[in-house]
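Let's have the full structure, built from the sequences with the hints guiding it.
Protein chains in written order, with the working numbering: chain A, -18 to 343; chain B, -18 to 343.
These are computed hints drawn from the structure, not numbers from a lab. There may be inaccurate statements among the hints.
Put simply, identical chains are the same to the list, so a pair is met inside one copy or across any two.
BS3-like cross-link-like pairs, simulated, lysine-lysine; straight-line CA separation at most 27 angstroms [unchecked claim]:
no., residue 1, residue 2
1, K8, K233
2, K23, K292
3, K39, K204
4, K208, K292
5, K144, K111
Given next are the chains, with one letter for each unit.
Number of protein chains: 2
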Amino acid sequence: MADTINFTRGVPATESFPLADIVEAAKQAIQKHGTVIMQYGKSTGFLPLREWLADWYKVSVDQTLISNGSLQLIEFFGFHFITPGDVVFTEAPSYDRTITLLKRHQAKVVGIPLEADGPNIEALEHALAKHTPKFFYIIPDFQNPSGATCSLEKRQKIAALAKQHNFWLIEDAPYRPLRYRGKEHPTLFELCPQRTFHMLSFSKLIGPGPRIGILYGNAEMLKKIMKIAEDTYVTPSLLSQGIIYEYCRSGKLPAQIEKLKALYAPRLQACLDALDKYLPDAQATRPEGGFFLSVTLPEGTTTAKVLERAKAHNLNLAEGEAFFPEGGGERFLRLPYCALTPEEIDDGIQRLAVTVKEVQEQ
Amino acid sequence: MADTINFTRGVPATESFPLADIVEAAKQAIQKHGTVIMQYGKSTGFLPLREWLADWYKVSVDQTLISNGSLQLIEFFGFHFITPGDVVFTEAPSYDRTITLLKRHQAKVVGIPLEADGPNIEALEHALAKHTPKFFYIIPDFQNPSGATCSLEKRQKIAALAKQHNFWLIEDAPYRPLRYRGKEHPTLFELCPQRTFHMLSFSKLIGPGPRIGILYGNAEMLKKIMKIAEDTYVTPSLLSQGIIYEYCRSGKLPAQIEKLKALYAPRLQACLDALDKYLPDAQATRPEGGFFLSVTLPEGTTTAKVLERAKAHNLNLAEGEAFFPEGGGERFLRLPYCALTPEEIDDGIQRLAVTVKEVQEQ
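See below:
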């Protein structure tokens, strides 16, 4: 029987981890900074890495905070912004783990329908006529789970609305450095710095295991988040941060990002080609970077049925509904392609097409 | 002017970190487990370390969970147990960061007065007549902040009360492995496994920077905590855990614990000797291990006044009130001694005695 193919979790390719460089960085870090990175420290993270990351984004150190992975930043925003019943906006679909955390804080999560070029602005304006949210959580670049990228025009409009209605933007940008083709748009943080927190899952560019997330934002607001972080875990993992600092300091990150692009671009292309070949009628996003694309299955064909049937073909898929904060997503299918080879992708999408046909003929 | 002496944070001595061994462990870990520890994984932590830690406590792997530092476990208990207004018990005084987190979850935190041999049992029974708490958070060995150790008799009584009244015990035992003299009592987890979670700040024995906390408990309950952990941060820092695993696997932990005892025992003794010498009338705990002892200042002499006045002697002290969940602690002074040399301790307590006298004469 054919090997199992997993279109499930959005994880980087194991073969992309620069292990020899990490061994060297670990040695350097422990020898040079051992007494600091083996001790307690500030909740803002290992200072040299914080300085390096501030410089990377051309912001000041007090606008930069390092966390134990980026998801936990959502938890901090929950404690900072949300009292039960407060309204927050996300795109619909959005990152399922963020939605789970926001609901754990008993936020009312309103989903703004997402299109291939970003949130539907009319729907956003309609929602703003009803509620002023505490914040709008948005993934403008190569969105998880859809693969959509927000157009410049929509970014400008969203920034203007945030200023006009006085709500915060939480811009989650883990995939932004992974553009395989096309032109980059400015971030919301660039367009509207006074109303935007910009976050990313930084260590994912090297390997997620060290769990290093970053938050950039207004220094006064960050002080409050730092206190929440301190109350939560005292200090993030300084040992991990020291190692990643030495890796970054040695100048290896740009080449690593180029390596990732060279590895992932053909995987995205394999996805797009296989969709054209095996599922030519599929409504799929056509991203220019990132980890994901998504397919909306034909009318009457649910993801749940396809997911169930796909098991017979040794194809693992993820359900779509968890990505939608207020229901929907019955025909939504996320396809994370980074951890699969082009051959596996071709094979997997062929199996998907067969499965969809079987479900339609049931 | 004399150097500043800090009796403030309870941190281990920097000179105790086994840096050369950690360099070697890091190399081994990244070379052997790199593709696992640089990747996402389960919220329960790096499996080989989890297995090692299960074996260390002679429990099963599914009774063992590794977290990003032990404080965050309190956060998970908050999400698991507490709805706003729920009653929980702590000792009074107790670890201030735990009290802060419990209050962030809007628990009503009831403090059970602590004596040199553990919680006042009459007060506990009195509190139980009024409320059945969701749990009693207790630090039976070398308590933070008091230095008190719970007697065997009181442990047995607390275990019996937990069974009788159906509440959980959260036994926090970071200092238990650091007994410098005297005899160990059984843990609450040994006396009452069906009602006890046992947690500790494990990496503190090596260095806190890797942020490795452990939770031992009932496997079914732990499954729920694991889900909360996954929702919060997906995966704890596997890079740190891989390194600490290789350190532990190499058999170096027992010698490290002996090294800590040999380093800290004279520091505790220096504290006790200096108190006898300079503050013979002080009401101080006389612990047999751990990081802390505590002093109750004479009637009419507040910690706030002493703390303020001490600055003139380059002596930094911590306020007492944050350790008391329901008020009190105006004359409570915690003295963490591990990160100070015996000479600094003697000097510091001499300065403290001078300061107390000055405040009394004000």
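So, going through the hints one by one against the coordinates:
1. Both within a single protomer and between protomers do K8 and K233 lie at most 27 angstroms apart by alpha-carbon distance, with minima of 16 angstroms and 19 angstroms respectively.
2. In this assembly of identical chains, K23 and K292 lie within 27 angstroms of each other by CA distance solely across copies; the values are 23 angstroms between and 47 angstroms within a copy.
3. Within a single copy, K39 and K204 get their C-alpha atoms as close as 19 angstroms, which meets the 27 angstroms cut-off; across copies the closest is 43 angstroms, which misses it.
4. For the identical chains of this complex, K208 and K292 are inter-copy neighbours only, at 25 angstroms across copies versus 46 angstroms inside a copy, given an alpha-carbon limit of 27 angstroms.
5. With identical chains, the CA atoms of K144 and K111 are at most 27 angstroms apart within one copy only, with a shortest distance of 17 angstroms there and 51 angstroms across copies.
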